[in-house]
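Line by line, the protein sequences are chains A and B. According to my numbering, numbering within the first sequence proceeds without interruption in unit steps and concludes at 656. According to my numbering, numbering within the second sequence proceeds without interruption in unit steps and concludes at 798.
Among the hints, a few may not be true.
[Claimed, not checked] Take a look, some chain B residues computed to stay more than 12 Å from chain A by CB distance:
1. 539
2. 540
3. 598
4. 726
5. 728
6. 751
7. 796
[Stated by the list, open to error] Here are some of the chain A residues that sit facing chain B, going by a computed Cβ distance under 7 Å:
8. 494
9. 504
10. 620
[What the hints assert, rightly or not] Derived list of chain B stretches under chain A, where covered just means 3 residues or more per stretch with a C-beta under 8 Å from a C-beta of chain A:
11. 413–422
12. 645–654
Source of the hints: derived by calculation from the structure; they are not laboratory data. All values reported here derive from a predicted model rather than from experimental measurement. Where is the CB? At the ideal position from N, CA and C, for every residue including glycine.
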Amino acid sequence: MLFLVAAGLQLVFGVQKILNLACGSFYALGAYAGVSAVRAALAAGLPAPLFFPVLLGAGLALAVIGPAIERLLRPIYDRDESFQLLLTFALVLMFEDVIRFVWGTAPHQLGNVYLTYGQVRVGALTVPTYNLVVIACGAAIAAGMGWFLARTRFGRIVRATAENREMAEAMGVDMARVYSRVFTLGVALGTVGGALVIPATAAVNEMGIDLIVEAFAVVVIGGLGSMRGAFAGALIVGVVKAVAIATWPEVEMLAIYVIVIAVLVLRPAGLFARATA
Amino acid sequence: MRCTRRHFLKLSAAGAAAAALPLDVAPVLAQSGPVRLGILVAKAGVLAPVGESGLRGVQFATDRINGAGGILGRKLELVIEEESSPKDTVERFRKLALQHKVDAVSGAISTGVGLALGPAAEEMKTIWLSWDATTQKGVEESMPKPKYSFRSTDNECEAVMASILTARHWKGRFKTVAGINPDYSYGRDNWAAFLAIMKKYGIEAQVVSELWPKLGATDFTSHVATLAQARPDLIFSCFWAGDTPIFMKQAHAAGLTRSTKLVLTTGGGVHESLKKDFTPEGALLGYNCFYFENTKASALAREFTRWHHDKFKEWPNYESDHGYFTVAAFKAAVERAARAGGGKWPTQDAIIQALEGVEAESLSGPRRYREDHIMEATFFQGFTTHKNKHDFVTIDPVESMGTKQIQKPSGVGLYDWINGWKV
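With the sequences and hints as input, model every part of the structure.
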């Protein structure tokens, strides 16, 4: 999940050079939309095992807000990062209120669709099959993104834009359109992430803000703007957290930031940053 | 005109009302306009649902009081401000006191905010009736002998009651325990109180895991995996917000809820989210001071529960009761002071004096403020059951304990008090 949000952050930063704090809000919105969509679908008589495509669909459908928000961000493309942080943080606060207005303050959740697919025993542990489905889905999206960026025409344009905007523009690339699409893709990664995580947890308003902090740790570790970095960073943060909780729960957060600091000191650009990025 | 029966009834009702009037009308002449009560309510973050619940209790109390003619004939008016960070909340407290000139402030849930509001209330000389916001550490230091602050029940009451019930029902039936509690004073104090009480009851349980996820965390998969490996006989948790259903769901998915005994001191605060699908029967669950399906509930509690469910399509929780009580206690104190002062609207000092030891009917039964400005209430806990008409768990039977039993008395440290128990 962390990977999806971090990947969205990376994509948007890589291409548009915008540090988008609102990616956390997209995650939260995706979660809420996922709850509502599955609830509605189940109420309409959809068999429970089909909830997964509904979640995925809800996450993707929500990405329609992408172009409108991208339009809002246009004035700050060429301005100082602090403006970007301020504006996107304002968006975070506004989305928080939107969620409160639409869904209220109580946590929302989906009864027990979590265990619809059953559980698997791995050694001494019982793991819900759904977790494996999500992991597979994350891996598939990572592979899909890799293929999309490396092999498709639009992917090449995106990479070219990330590399050198003026040159790409000079070559006839319609910047406004590329930005709008890339941003929407970034939004979709966040909303899908939020929607997929919901069976295992509950949608709460502050989930967005929580995730932003971790997503930034992932990005710093992986290197800003690098998709492979997002993947590796998310893995590192996830594993470090799990190990810390199992061995020394007090240092859960500390451990992540020790790594962040180590990366910043030793490889300030991140583990996977390219020299040109 | 013929005097019909209806006419006669009307006349006698008017006569009775007129007879009751002199007591209530006199103060209106002395002090006119509405009584203003400032409300500080959390609207964002983890605290938002709790704040909302407290506000509903306050609104219910206000509607009832105004419907019955107000306080000594004066209508009660609410001025609602937001509880957020300690600094901003203190600013809003000042605003309520200086700009809105409120007669008292009711509200605040977060202990961090409470620690800042205590001194502010003393400085502004404004009565503050806290809903919650009172864990052990720090409160005594920052409000040693408050004049204007009136505190809630100790936050550890729930842990103390749950620990006593654990010892009573499960002594000798568990050897290892694990704790998963939010990483701030509330979580830490509750866990420490639990361990101290286990020791007091001669239960030598080995602690196999102590986990401290941060407040508001939404993912416990790593914690659950750690707990699954530690295989405790009993898990103690004072989760009280959205963390409770998330933890239960993930614990259930990992097979942790099948044989492990569960003590959830405060999960009843989000009872509707504890679905039967993933919350087992037989877990010890605490509802703080209000249980919506208490068979022994008063007429007032039943009326409130109905009102709440009709209006919000939800079953109420404890914070409403805290909120309700602060308003009811304020009214009772004003009337008590007025009685002592010959029916005039009392001075602030007289109201404060009357608040000390004041008793008022609340949603959970009679409640009072101790002379040291701390609330007394009744707490409700019990073992979860699936035998009900809801899709979430309830408790049966319902156990209740008063703060006289589970709250440390005035001027004594929590652990000194526990160590002094005779069990």
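Hints violated by the structure (listed by number, smallest first): 3
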